[in-house]
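> Start from the sequences and build out the full structure, keeping to the hints where you can.
All residue numbers for the sequence shown refer to the working numbering, where the first residue is 143 and numbers rise by one.
In case anyone wonders, no lab produced these hints; they're calculated from the structure. It cannot be assumed that every hint is accurate.
[Stated by the list, open to error] FRET-style restraints, in silico, Cβ to Cβ:
hint	residue 1	residue 2	range
1	319	204	33 to 39 Å
2	375	206	22 to 28 Å
3	302	336	17 to 23 Å
4	204	241	23 to 29 Å
5	224	358	19 to 25 Å
6	227	335	19 to 25 Å
7	215	293	15 to 21 Å
8	342	366	21 to 27 Å
[What the hints assert, rightly or not] With a straight-line cut-off of 35 Å between C-alpha atoms, the simulated DSBU-like cross-links for lysine-lysine are:
hint	residue 1	residue 2
9	219	352
10	293	370
11	241	337
12	241	381
13	201	355
14	381	355
15	204	337
16	381	323
17	241	293
18	257	319
19	337	255
20	315	201
21	337	352
22	241	352
23	352	255
24	370	337
25	219	241
26	241	323
27	381	255
28	381	352
29	257	381
30	352	293
31	323	201
32	381	337
33	293	355
34	257	219
35	315	293
36	219	370
37	381	370
38	255	293
39	315	352
40	315	257
Glycine included, C-beta positions come from ideal geometry on N, C-alpha and C.
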Amino acid sequence: MKKLLLLSCLFITLLSCEDTKKASVKRQSKEKVNALNNNKNVDSIAVTSVEKKKPNEIKYPKITQENVVEFLTEYGKNNPETNVRISTIHGNIDIQLYKDTPLHRANFIYLVKQKYFDDTFFHRVDPDFIIQGGNSDDRSTSLKRRALSEKYRLPAELTTGRTHQYGTISGAKEYRKNPDKMTAPYEFFIFIGPKRSANHLNGDYTIFGKVTKGMDVVEIIANLPADKREWPLDNVRIKAEIME
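So this is what it looks like as structure tokens:
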């Protein structure tokens, strides 16, 4: 009888151990499944993060003398802005670009959006004439020009009948070998006056905008100490941005 009782106890113990083992195995299997599911979620998030596409960045071709009119005409249709703010250490200059000089307007907006003007200078100042901007002696400026274009010039847009007045904005140009009065694309000047100083400019330089606010800043810059080349002794850096 005692032997039978002992055998029964051993059998019950074995069954209990087996159930515990099965429960442990089931628990481990469930934990593995949960871990795998969690890993899948982590991997999915990581992949999603890596594969997330950035907004398409438009890459424009380099502007050349051959494609300049076509390029700026098309660009102007898609970029109709006319208001730009030029920031300097001396204050802001707000300008409005004219729609009836479409190539010059589009060119200026293009250069603003491409950040060309940022860190260029007002590099020529004459208190009785103009301030001129869009160039610098930094290597970065020449590198920007090379990245944006081959050498090109803008066809003159002189049919508007405008004359140089206080605050008008015009494109600079080369004097020599330029019978068509084409504009150098990267530099511009703001006219200060007096009007008699504009006689040789009218009908020769394309006027494509005007200062709407900040002529006091223009006057400050125009009167800065400069060297014999009219280059300010302290560089006047520019930052340009589109105004809504």
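> If a hint holds in the structure, say so; if it does not, say that too.
Verification of the hints:
1. 319 with 204: 33 to 39 Å: 23 Å, violated
2. 375 with 206: 22 to 28 Å: 37 Å Cβ-Cβ, so the 22 to 28 Å window is violated.
3. 302 with 336: 17 to 23 Å: This hint holds: roughly 22 Å between Cβ atoms.
4. 204 with 241: 23 to 29 Å: 26 Å, holds
5. 224 with 358: 19 to 25 Å: With a Cβ separation near 22 Å, residue 224 and residue 358 satisfy 19 to 25 Å, so the hint holds.
6. 227 with 335: 19 to 25 Å: Roughly 23 Å apart at Cβ, these two residues keep to the hinted range, so it holds.
7. 215 with 293: 15 to 21 Å: 20 Å, holds
8. 342 with 366: 21 to 27 Å: 24 Å, holds
9. 219 with 352: Given pair residue 219, residue 352 holds - Cα atoms ~21 Å apart, limit 35 Å.
10. 293 with 370: Since the Cα atoms of residue 293 and residue 370 sit roughly 28 Å apart, the hinted pair holds (cutoff 35 Å).
11. 241 with 337: 24 Å, holds
12. 241 with 381: Between residue 241 and residue 381 the Cα gap is close to 23 Å, so the pair holds against 35 Å.
13. 201 with 355: Distance ~33 Å between residue 201 and residue 355 Cα, so the pair holds.
14. 381 with 355: 16 Å, holds
15. 204 with 337: Violated. Residue 204 to residue 337 sits at ~38 Å, over the 35 Å cutoff.
16. 381 with 323: Holds: residue 381 and residue 323 sit about 28 Å apart, inside 35 Å.
17. 241 with 293: 25 Å, holds
18. 257 with 319: 30 Å, holds
19. 337 with 255: Since the Cα atoms of residue 337 and residue 255 sit roughly 33 Å apart, the hinted pair holds (cutoff 35 Å).
20. 315 with 201: Given pair residue 315, residue 201 holds - Cα atoms ~28 Å apart, limit 35 Å.
21. 337 with 352: 15 Å, holds
22. 241 with 352: Since the Cα atoms of residue 241 and residue 352 sit roughly 12 Å apart, the hinted pair holds (cutoff 35 Å).
23. 352 with 255: Distance ~19 Å between residue 352 and residue 255 Cα, so the pair holds.
24. 370 with 337: 24 Å, holds
25. 219 with 241: With a Cα-Cα distance of about 11 Å, the restraint between residue 219 and residue 241 holds, given a limit of 35 Å.
26. 241 with 323: Status holds; Cα separation ~20 Å.
27. 381 with 255: The hint holds at about 11 Å.
28. 381 with 352: Holds: residue 381 and residue 352 sit about 17 Å apart, inside 35 Å.
29. 257 with 381: 8 Å, holds
30. 352 with 293: The hint holds at about 26 Å.
31. 323 with 201: Holds, at roughly 30 Å.
32. 381 with 337: Judged against 35 Å, a Cα distance of about 29 Å means the pair holds.
33. 293 with 355: 32 Å, holds
34. 257 with 219: 20 Å, holds
35. 315 with 293: 13 Å, holds
36. 219 with 370: 42 Å, violated
37. 381 with 370: 26 Å, holds
38. 255 with 293: Within the cut-off at roughly 19 Å; holds.
39. 315 with 352: This hinted pair holds, its Cα atoms lying about 18 Å apart.
40. 315 with 257: 21 Å, holds
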